[in-house]
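Asks: The lines below spell out each chain.
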Amino acid sequence: AQSVAQPEDQVNVAEGNPLTVKCTYSVSGNPYLFWYVQYPNRGLQFLLKYITGDNLVKGSYGFEAEFNKSQTSFHLKKPSALVSDSALYFCAGGSSNTGKLIFGQGTTLQVKP
Amino acid sequence: DTEVTQTPKHLVMGMTNKKSLKCEQHMGHRAMYWYKQKAKKPPELMFVYSYEKLSINESVPSRFSPECPNSSLLNLHLHALQPEDSALYLCASSLFDPGRSDTQYFGPGTRLTVL
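From first to last, the protein sequence lines stand for chains A and B. So the first sequence is numbered by this note's numbering: it starts at 1 and just counts up by one. So the second sequence is numbered by this note's numbering: it starts at 114 and just counts up by one.
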């Protein structure tokens, strides 16, 4: 079965420290992977995606993610967290075989001043 | 511009009412989606329209009826809903159909409460 997993329900980090939100995937074929962020009572905002090419993907608001094929991971990172980064983050993936986007369960990021 | 608009922002309806949700995009996208999202959970796909034709129905109850009048507009007609249907309803669009790697852009959602 195809799946995307986010192993942490919540990640806590101090402002100014680096942050990592983890994502692993199990998708047949060549995967494409996305990160979205959702603020309370809002829609999902696109952050970045990996399709092919360079394993390090840079996105909006200083976020980046590294595609690791051997570990089937696509972790989201930021060198220096801001309080305003506090939100719900979703990893999503698919391939030409899936026909739809598969979402992880979401990770709440809490950045404390 | 990557904007998807949804109206209304909030909707409260009784179980016998009929209402509609509206979604609009002017990005020239040919795939449009309806998702249902419960609090702090991932979006659940309901319907996909590709080139104005229904291509995916995720076994959604018939009290939800989608409509795609043209390539920019997507409606979701609601009738005889249940309290458990209360959720945030999200619309999204992408350049082409979901079998490709195109980014889905989401609207802000309609917060639906069924009394």
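No lab work stands behind these hints: they were computed from the structure. A hint or two may mislead.
[What the hints assert, rightly or not] In the PhoX-like style, the derived pairs of lysine-lysine whose C-alpha atoms are separated by at most 25 Å in a straight line are: (1) B:LYS122 <-> B:LYS135; (2) A:LYS77 <-> B:LYS153; (3) A:LYS69 <-> A:LYS100; (4) A:LYS49 <-> B:LYS153; (5) B:LYS153 <-> B:LYS166; (6) A:LYS49 <-> B:LYS122.
Asks: Are LYS49 (chain A) and LYS122 (chain B) close enough, with their CA atoms no more than 25 Å apart?
Replies: violated, 28 Å
Asks: Does LYS153 (chain B) pair with LYS166 (chain B) here, judged by a C-alpha cut-off of 25 Å?
Replies: violated, 31 Å
Asks: Please verify whether LYS69 (chain A) and LYS100 (chain A) have alpha carbons no more than 25 Å apart.
Replies: holds, 21 Å
Asks: Hinted pair, alpha-carbon criterion (25 Å max): LYS49 (chain A), LYS153 (chain B). Please report holds or violated.
Replies: Holds: LYS49 (chain A) and LYS153 (chain B) sit about 22 Å apart, inside 25 Å.
Asks: Does the structure keep LYS77 (chain A) and LYS153 (chain B) at a Cα separation of 25 Å or less?
Replies: Roughly 21 Å between the alpha carbons, so the hint for LYS77 (chain A) and LYS153 (chain B) holds.
Asks: CA of LYS122 (chain B) to CA of LYS135 (chain B), is that 25 Å or under?
Replies: holds, 10 Å
Against the hints set out earlier in the document, violations occur for numbers 5, 6.
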